[in-house]
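Visitor: Listed below are the residues making up each chain.
There are 4 protein chains.
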Amino acid sequence: MKPIRSFASDNNAGVHPEVLEALAAANTGHTVGYGDDLYTERARAKFREHFGDVEVFFVFNGTAANVLSLQSLTRSFQAVLCAEASHIYTDECGAPEKFTGCKLIPIEAPDGKLTVDTVAHHYHGIGDQHHVQPRIISITQATEMGTVYKPDEVRALAEFAHTYNLLLHVYGKELSKDFLYWRKQGMQLASKMRFISVQLETILSDDLWLRSAQHANKMARLLEEEVRRIPQAKIVYTVEGNGVFVQLPKIAIPKIQERYFFYVWSEEENVVRWMCSFDTTEEDIRQFAAFVRDSLKG
Amino acid sequence: MKPIRSFASDNNAGVHPEVLEALAAANTGHTVGYGDDLYTERARAKFREHFGDVEVFFVFNGTAANVLSLQSLTRSFQAVLCAEASHIYTDECGAPEKFTGCKLIPIEAPDGKLTVDTVAHHYHGIGDQHHVQPRIISITQATEMGTVYKPDEVRALAEFAHTYNLLLHVYGKELSKDFLYWRKQGMQLASKMRFISVQLETILSDDLWLRSAQHANKMARLLEEEVRRIPQAKIVYTVEGNGVFVQLPKIAIPKIQERYFFYVWSEEENVVRWMCSFDTTEEDIRQFAAFVRDSLKG
Amino acid sequence: MKPIRSFASDNNAGVHPEVLEALAAANTGHTVGYGDDLYTERARAKFREHFGDVEVFFVFNGTAANVLSLQSLTRSFQAVLCAEASHIYTDECGAPEKFTGCKLIPIEAPDGKLTVDTVAHHYHGIGDQHHVQPRIISITQATEMGTVYKPDEVRALAEFAHTYNLLLHVYGKELSKDFLYWRKQGMQLASKMRFISVQLETILSDDLWLRSAQHANKMARLLEEEVRRIPQAKIVYTVEGNGVFVQLPKIAIPKIQERYFFYVWSEEENVVRWMCSFDTTEEDIRQFAAFVRDSLKG
Amino acid sequence: MKPIRSFASDNNAGVHPEVLEALAAANTGHTVGYGDDLYTERARAKFREHFGDVEVFFVFNGTAANVLSLQSLTRSFQAVLCAEASHIYTDECGAPEKFTGCKLIPIEAPDGKLTVDTVAHHYHGIGDQHHVQPRIISITQATEMGTVYKPDEVRALAEFAHTYNLLLHVYGKELSKDFLYWRKQGMQLASKMRFISVQLETILSDDLWLRSAQHANKMARLLEEEVRRIPQAKIVYTVEGNGVFVQLPKIAIPKIQERYFFYVWSEEENVVRWMCSFDTTEEDIRQFAAFVRDSLKG
Numbered sequence: 001m002k003p004i005r006s007f008a009s010d011n012n013a014g015v016h017p018e019v020l021e022a023l024a025a026a027n028t029g030h031t032v033g034y035g036d037d038l039y040t041e042r043a044r045a046k047f048r049e050h051f052g053d054v055e056v057f058f059v060f061n062g063t064a065a066n067v068l069s070l071q072s073l074t075r076s077f078q079a080v081l082c083a084e085a086s087h088i089y090t091d092e093c094g095a096p097e098k099f100t101g102c103k104l105i106p107i108e109a110p111d112g113k114l115t116v117d118t119v120a121h122h123y124h125g126i127g128d129q130h131h132v133q134p135r136i137i138s139i140t141q142a143t144e145m146g147t148v149y150k151p152d153e154v155r156a157l158a159e160f161a162h163t164y165n166l167l168l169h170v171y172g173k174e175l176s177k178d179f180l181y182w183r184k185q186g187m188q189l190a191s192k193m194r195f196i197s198v199q200l201e202t203i204l205s206d207d208l209w210l211r212s213a214q215h216a217n218k219m220a221r222l223l224e225e226e227v228r229r230i231p232q233a234k235i236v237y238t239v240e241g242n243g244v245f246v247q248l249p250k251i252a253i254p255k256i257q258e259r260y261f262f263y264v265w266s267e268e269e270n271v272v273r274w275m276c277s278f279d280t281t282e283e284d285i286r287q288f289a290a291f292v293r294d295s296l297k298g
Numbered sequence: 001m002k003p004i005r006s007f008a009s010d011n012n013a014g015v016h017p018e019v020l021e022a023l024a025a026a027n028t029g030h031t032v033g034y035g036d037d038l039y040t041e042r043a044r045a046k047f048r049e050h051f052g053d054v055e056v057f058f059v060f061n062g063t064a065a066n067v068l069s070l071q072s073l074t075r076s077f078q079a080v081l082c083a084e085a086s087h088i089y090t091d092e093c094g095a096p097e098k099f100t101g102c103k104l105i106p107i108e109a110p111d112g113k114l115t116v117d118t119v120a121h122h123y124h125g126i127g128d129q130h131h132v133q134p135r136i137i138s139i140t141q142a143t144e145m146g147t148v149y150k151p152d153e154v155r156a157l158a159e160f161a162h163t164y165n166l167l168l169h170v171y172g173k174e175l176s177k178d179f180l181y182w183r184k185q186g187m188q189l190a191s192k193m194r195f196i197s198v199q200l201e202t203i204l205s206d207d208l209w210l211r212s213a214q215h216a217n218k219m220a221r222l223l224e225e226e227v228r229r230i231p232q233a234k235i236v237y238t239v240e241g242n243g244v245f246v247q248l249p250k251i252a253i254p255k256i257q258e259r260y261f262f263y264v265w266s267e268e269e270n271v272v273r274w275m276c277s278f279d280t281t282e283e284d285i286r287q288f289a290a291f292v293r294d295s296l297k298g
Numbered sequence: 001m002k003p004i005r006s007f008a009s010d011n012n013a014g015v016h017p018e019v020l021e022a023l024a025a026a027n028t029g030h031t032v033g034y035g036d037d038l039y040t041e042r043a044r045a046k047f048r049e050h051f052g053d054v055e056v057f058f059v060f061n062g063t064a065a066n067v068l069s070l071q072s073l074t075r076s077f078q079a080v081l082c083a084e085a086s087h088i089y090t091d092e093c094g095a096p097e098k099f100t101g102c103k104l105i106p107i108e109a110p111d112g113k114l115t116v117d118t119v120a121h122h123y124h125g126i127g128d129q130h131h132v133q134p135r136i137i138s139i140t141q142a143t144e145m146g147t148v149y150k151p152d153e154v155r156a157l158a159e160f161a162h163t164y165n166l167l168l169h170v171y172g173k174e175l176s177k178d179f180l181y182w183r184k185q186g187m188q189l190a191s192k193m194r195f196i197s198v199q200l201e202t203i204l205s206d207d208l209w210l211r212s213a214q215h216a217n218k219m220a221r222l223l224e225e226e227v228r229r230i231p232q233a234k235i236v237y238t239v240e241g242n243g244v245f246v247q248l249p250k251i252a253i254p255k256i257q258e259r260y261f262f263y264v265w266s267e268e269e270n271v272v273r274w275m276c277s278f279d280t281t282e283e284d285i286r287q288f289a290a291f292v293r294d295s296l297k298g
Numbered sequence: 001m002k003p004i005r006s007f008a009s010d011n012n013a014g015v016h017p018e019v020l021e022a023l024a025a026a027n028t029g030h031t032v033g034y035g036d037d038l039y040t041e042r043a044r045a046k047f048r049e050h051f052g053d054v055e056v057f058f059v060f061n062g063t064a065a066n067v068l069s070l071q072s073l074t075r076s077f078q079a080v081l082c083a084e085a086s087h088i089y090t091d092e093c094g095a096p097e098k099f100t101g102c103k104l105i106p107i108e109a110p111d112g113k114l115t116v117d118t119v120a121h122h123y124h125g126i127g128d129q130h131h132v133q134p135r136i137i138s139i140t141q142a143t144e145m146g147t148v149y150k151p152d153e154v155r156a157l158a159e160f161a162h163t164y165n166l167l168l169h170v171y172g173k174e175l176s177k178d179f180l181y182w183r184k185q186g187m188q189l190a191s192k193m194r195f196i197s198v199q200l201e202t203i204l205s206d207d208l209w210l211r212s213a214q215h216a217n218k219m220a221r222l223l224e225e226e227v228r229r230i231p232q233a234k235i236v237y238t239v240e241g242n243g244v245f246v247q248l249p250k251i252a253i254p255k256i257q258e259r260y261f262f263y264v265w266s267e268e269e270n271v272v273r274w275m276c277s278f279d280t281t282e283e284d285i286r287q288f289a290a291f292v293r294d295s296l297k298g
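Read top to bottom, the protein sequences are chains A, B, C and D.
Per this note's numbering, the very first residue in the first sequence carries number 1; after that it's consecutive.
Per this note's numbering, the very first residue in the second sequence carries number 1; after that it's consecutive.
Per this note's numbering, the very first residue in the third sequence carries number 1; after that it's consecutive.
Per this note's numbering, the very first residue in the fourth sequence carries number 1; after that it's consecutive.
You can trust all of the hints, since none of them are fake.
No distinction is drawn between identical chains; accordingly, a pair holds when it is met within one copy or between any pair of copies.
DMTMM-like cross-link-like pairs, simulated, lysine to aspartate or glutamate; straight-line CA separation at most 20 Å:
| # | residue 1 | residue 2 |
| --- | --- | --- |
| 1 | 192 | 21 |
| 2 | 2 | 36 |
| 3 | 173 | 159 |
| 4 | 2 | 37 |
| 5 | 192 | 128 |
| 6 | 192 | 279 |
| 7 | 297 | 258 |
| 8 | 192 | 91 |
No lab work stands behind these hints: they were computed from the structure.
Build the full structure now, drawing on both the sequences and the hints.
Guide: Quick look at the structure:
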């Protein structure tokens, strides 16, 4: 029998029960659309509690948060420097190029992280009209490999950026100037906005975001421990978030997938990706690890 | 005291309770993301029940449904013929131009409806490289004025379109070729798709869409009757959907708006727009009409 | 026998002989490409003689001069206000929309000229995220109807623009910031630039531009005089440049076109457009007027 | 004293004298604009003599020929596979991305040439909505390194392309469907077209193109011979066209550049690029080689 919870991606998990309750609670009477409502105002206030005096615009997904940010910060003759495995480079069906008109310049980053050295190597052609002009350094926290930039690593990139009149874009964060229009034109303005707002308000309240993330990360570390006890399995990236990347004997992978749905990260190197989410339980981990161990026995 | 329900727009209403129940019911266990799940398959099947053998792609809003359809059907040197009051021409912050690169050609349409005559008047410059080449006739059903195209009016436009190698685009309907990529690149692919799918499945089941629409339209006709009894108020467009457009003495409008939120449709002609929704009650109509009558007394 | 010179358009004329001489004179030895050469520097200096301290970028045609200027001045959620008969609205195959992503808002202008009143009528929706945001007022001097803005008409539009944070774009003029990249990306950078530069240098030297324009305008006034002597012909726009717009009996038009190539401006109103150029002679005018007179005799 | 002719680029050379004569000869009387003239028809006929039954559209430069071809062949969710040193990837200021909206995927190609193996390695993600969909393989003949694809190498790429429903784009060649509009919208339509047409007609007549190219290539081989006699200089790519790439002692490069203008191809590896053109003479080569030899003596 298939287990209720997989290790494929946290987007396979459902909605946190507290979020669902908030949706139901918001469903009373009429409320003005497009974000001029009290629910949205409360959600914005929550963001300011956490991030200081920021402007906040809700969009439908991470693709849009990133692409519209890049669009609002660039002109089409400029370029975005990013890791070659970054989501904006590989997994958005070309949306960044389509929206911005810019070239995205892929930078080698074996552990998913850009460094000042690798960025500097691609910073050239400045003032040459034949070349695109670098404008953005885009990083993702945590990276696609589950690794995490340390504060001083981010600071070094920010310093490099500011020295050379570049902007440092952190996946999901955005500038506010004219963003109102970028969002609408980018087809990301919800009419019944309150139902988006209450979700974010709930997530930012009572540390729900923190509790959920800490739990998922803790489960990932537990999974890492279990995996380390399995001789044929090898952890390939440092576990710093909610993902565990494991190299396995090729033959075992489909056997495990018969019961558990997850993605192969590298076909060539037999690396798989296992993700934990807010609802992963210790019991899920134990059962999964046991099944992996059995599958490796041959 | 403000009433619970306004007449501003059906997007001010909440979610139908049956839809909210469906959301809660879908929130169990893990499900694969991006639409390869059973919930989405069931919702697609519902569409095929209603529309025959169609491909279905869920997006986040009407802006996206229209813009991505137009984008998948056009090249940037082509043009879209549409009513000058149409939503795609006036209310999308330029998203159609941005996405398609095409010119939108506005056609005068006092009652919101295009005709073969007015379209034919703008069909010219064919084969002339200096001119954009008409490709799409885009209509909205019901129109922004609450009027409705009769079947033979749609048929006449379709025949004109096909005679001249144009496509007839009906607001919200789409072609499927490559739409998978247009949606993703258009930033409209939901990862937790099931929560979109179950809403559409519910709306298309047990005639919920029909019951809701018939109720809103019936309430609009009731409101129309009430308004016709008020001598100073004049219905300006035929009431064929869920909207009632009324010309009022200028001075009365802000007085009514003190209690009821709604939009002024034409500042110059003192026309207001009142919309009914699935949750509007007969009692709401009576109270509103009484308040309007009182406000007009001076 | 067909005459050597037509009245269709000044683009039917050849190159001024002085320009051709300059091309031949520039064809000696090797010169660095893309504009870093002495010929180009001299042409730029000529522009500064005439226009003061300006940056100058040569492109291949008027379409590019206008479209790249608009592109460098706008973001895609903004709008360009222009006359409905303006070249950028009707005759560029949608290039302005394609390059800028912006909506072009057509303004009625029977004589080709925008006024503060007609522009103000289309200046609305400011700050409303659903609407495109007006950013540019674009005018053409002389207009497509051969009329000319007076200095105080331009000044009034400029004042309106600056009051409302708009920019006034005069057909063919451009801002320099980053234009280097817009030009290259817009596919308008010539490698053997000297051959463009010497043409412009020559045109701006020894009043060649002024002599040529004055001559063409003088010929147009002579043509106007001749036409006014023909009872069945009616001048429809004030002749202020090098074009004469004439309403004729419908039947006569094809008869005249048998010998002279020119365009019908309005099929519905039987208006034709006759253009003079730097090489039109008085003799050309006399012969043409005589032929028109004969053709009208029946 | 600086020599009259450099080895920097053939775009530093002037216009062939026969082309200049053709320009002067075309400058008589009035001719209809935008390409509907006899000069253009004759130039098109010349292309059909050489290439068979093809449609021909003249544009202003190579950037436009390539970018508009790619634009007419792609939709924005597709991708273009090209060599990482290819002009479209590195030297067009992002024009391909801006016009097409597509991602360009750079492929390693040390000698400038794509192979079936390297292309196949980047052909993946087919049918996956998150990934751009490969559509074009773009090659340049001769490559940026002066190497040349052999007929069977082109054939192998074409066969791969057609097997996988891709198109093989050869730098500068184009499809004709709707190209009329792409050109105009791409700001590449010349009004006084005859002056472009006669240049191309002349180049394609009496083997002027062949004589010019053969001469430039012959001079490159002569230069290669001379360079091979200089012990400190090393030819780095096979000389198959009109360019010679030479590795030199770092210190000698600026000394040679004092007298001769040319580009350093690789700062890191001290490789310079020397190009020959239709007007390079044997004498130019001997003098240049002698100067290089002297500069290397220390």
